[in-house]
Each structure stands twice: as structure tokens, then as C-alpha cells.
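Chains as they are written, first to last, in our numbering: chain A, 1 to 101; chain B, 102 to 282.
Incorrect hints may have been included.
[Unchecked claim] Pairwise CB distance ranges, derived in the manner of DEER restraints: (1) A:L55 / B:M176: 41 to 49 Å; (2) B:M176 / A:A94: 39 to 47 Å; (3) B:V247 / A:A94: 43 to 51 Å; (4) B:G270 / A:L99: 16 to 24 Å; (5) A:R98 / B:V226: 54 to 62 Å; (6) A:S58 / B:F173: 30 to 38 Å; (7) A:R86 / B:G243: 42 to 50 Å; (8) A:K89 / B:E258: 35 to 43 Å; (9) A:D92 / B:I269: 27 to 35 Å; (10) A:L99 / B:Q232: 23 to 31 Å; (11) B:V234 / A:D92: 52 to 60 Å.
[As the list claims (entries may be wrong)] Below 27 Å or equal to it, Euclidean Cα-Cα: the simulated DSS-like pairs (lysine-lysine) are: (12) B:K127 / A:K95; (13) B:K277 / A:K95; (14) B:K219 / A:K89; (15) A:K89 / B:K277.
The set of hints was computed from the structure by calculation and includes no laboratory data.
The beta-carbon is built from N, C-alpha and C at its ideal position, and this holds for glycine as well.
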Amino acid sequence: MSMLSDFMFISAGLFCIGIYIVLSKRNAIQILIGIELMINAAILNLVAFGKYDDLANSGQVFALFAIVLAAAAVAVALAIILNVYRQYKTIDPAKVERLKD
Amino acid sequence: MNINQVLFYVMGFTALASALIVAASKNLVRSVFMFFVTLFALAGLYVFALADFVAVTQIVIYVGGVLVLMLFAFMLSNKETLNSLQNKTGNKFIAINNMAALLAAGLFLVILVNAIIKARPDGIVWIQHAQRVNPPRTDNLGNIGVNLMTNYLLPFEVISIILMMALIGAVHLSRKEEHKL
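So here's chain A without its partners, still in its complex pose (with noise of 0.2 Å):
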């Protein structure tokens, strides 16, 4: 029974798709869906591994506390992407080119 090969096939998929549009997208929100898929693709991996661990639980443990940053992570770039949006009147990460007027 492979499935920990098959967990690891689909968290790199998961992991090329988020880096395609982190690299493609010229909007700030779905470069953040990137980031968040390439975070979730990781915790795939975690807890696939952690699977096996019984004992000391680390895979699940580490799993929690990523999702735990993940979530602050885009509390915080949200509220970059407002006040980006309420200056520059745009979300398009290419045309941001000033740093302070």
C-alpha cells in the first residue's frame, strides 16, 4: 500500500500549481491563494509523515501550528493589500512602483 507516495505526488502538484500563479497572477489576492496553497501543500506532507509518528504526534502537532501562521499571515497581507489598494487605487502588484511620495 503506497499511499505516503501518493500524498507526496499531490502536495507537489499542489505545490507547482501555487508557484504557476504566484508567478502568473497580477492580482494581489490570488498571488495570496498562491502562497496558501504552496503552505497547504507543505502541511500535506506534514501530516502525511505524521502518520507514522504515534508516539510524539510532531507531524500533526507542526501541521497546527502552520495553519496557525498561515492565518496570520493573511490577516496581516490583507490588511497590506487595503492599504496598497487605498493609495494606489490598485492591487496590481507590478504597478506599485513608488515607495513613499
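Dock chain B against chain A, hints included.
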């Protein structure tokens, strides 16, 4: 091939397909709602890895918190700006523009798949040992709680402080300041 494996592959296919739709769709709302589907399928995959607590946490935090925040930010940023942003990129122009990203992601996928095949994760010594000595249990929720309060107490406290710092920072960033504009 029992029903467990069939369900597992259905979940994995759903996760990958909805992630591809997120990547392919030009409509922001559609991609956010397909991201819902990806997160639910990932929660199902966590259940197959005997991590039901992580699955429930994933649903509560991501679907309940993160996606609502994303929709909120999408509605606060103006609609017509988003429309002009989406319509300006023509169809053949975007194909040339995205070729580099597609190439990078595809090559990285080739590298990752090669590494996974070469690593042979089912033949790792400690995993075979764990499968032989103690087969994976399903009732490890209490064990997670005990470990969280004993072995991983320091990361637990550190992450609570980081979470508080992030929330205060987010509130401070999104506060309206008159003189700054």
C-alpha cells in the same frame, strides 16, 4: 482496491483539479470559491492520514476565517478596478506572458516527482519500523493534547505570541489615519 483507496483518489483528484481551475480562471470570485473546494478536499485527505483534528482545524480556520477575509478584501477593493485589470490582459498576450511561469512550475514539478520517485518514501526505515511495531492508531486526539502541553510547550507559547503580534499589526495597519493620506 477497497473503498478507502477509491475515496482517497477521488479526494486527491478533486484537490488537484480545483487547484488547476483556480490557476486557470480569470474571474477572481470564481477562483476564490474554487479555493474553497481545494481546502475541503485537503481536509478530506488529512482524514485519510488519520489526522482528524487537523482536518477540523483546517475547515474552521481556512474556510471560516481565511476565505471570509479574502472575500472581504475583494469586496473592499473596487470592482471596476478589478474589471479593468482583468480585461486589459488580452488572450494571446497572456499566453506569451505566462509561458515563463508555466515553464518554471512544470520544471519544478518534474524535479519534485523525480525526487519523490528516487526517495522511495515507503521504503524509509523508520516508517517500516513504525508500521511493524505499532500500526497507526485512530484515537490520537488525547495524545496530541498531552504532547502539545509537554513536548511542544515552547513552540506553542511562541506561536501564541506571534499570533498576537500579527493581529495587533493587522489592526494597526488597517486603521484609518487621516494625516497619512
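So, going through the hints one by one against the coordinates:
Taking the beta carbon of each, L55 of chain A and M176 of chain B are about 47 Å apart, inside 41 to 49 Å as hinted. Remark: the range hint 39 to 47 Å for M176 of chain B to A94 of chain A is contradicted by a beta-carbon distance near 23 Å. Checked against the given bound of 43 to 51 Å, the beta carbons of V247 of chain B and A94 of chain A, roughly 49 Å apart, stay inside it. At about 19 Å, the beta-carbon gap between G270 of chain B and L99 of chain A stays in the expected band of 16 to 24 Å.
R98 of chain A and V226 of chain B have their C-beta atoms about 56 Å apart, which keeps the hinted 54 to 62 Å range intact. Range check, S58 of chain A to F173 of chain B: Cβ separation about 34 Å, and the 30 to 38 Å hint holds. Distance hint check: the CB atoms of R86 of chain A and G243 of chain B are about 47 Å apart, consistent with the given range 42 to 50 Å. Roughly 42 Å separates the CB atoms of K89 of chain A and E258 of chain B, a value that falls within the hinted 35 to 43 Å.
Between D92 of chain A and I269 of chain B the CB atoms are about 29 Å apart, so this pair conforms to the stated range of 27 to 35 Å. For the pair L99 of chain A and Q232 of chain B, the supplied restraint of 23 to 31 Å is violated, since their beta-carbon distance comes to about 55 Å. At about 55 Å, the CB distance of V234 of chain B to D92 of chain A agrees with the hint of 52 to 60 Å. With a CA separation close to 19 Å, the supplied pair K127 of chain B and K95 of chain A stays within the 27 Å bound.
Between K277 of chain B and K95 of chain A the CA atoms are separated by roughly 23 Å; this keeps the pair inside 27 Å, and the hint holds. Restraint check for K219 of chain B and K89 of chain A: not satisfied, since their Cα atoms lie roughly 49 Å apart, outside the 27 Å limit. With a C-alpha separation of about 16 Å, the suggested pair K89 of chain A and K277 of chain B falls inside the 27 Å cut-off, and the hint holds.
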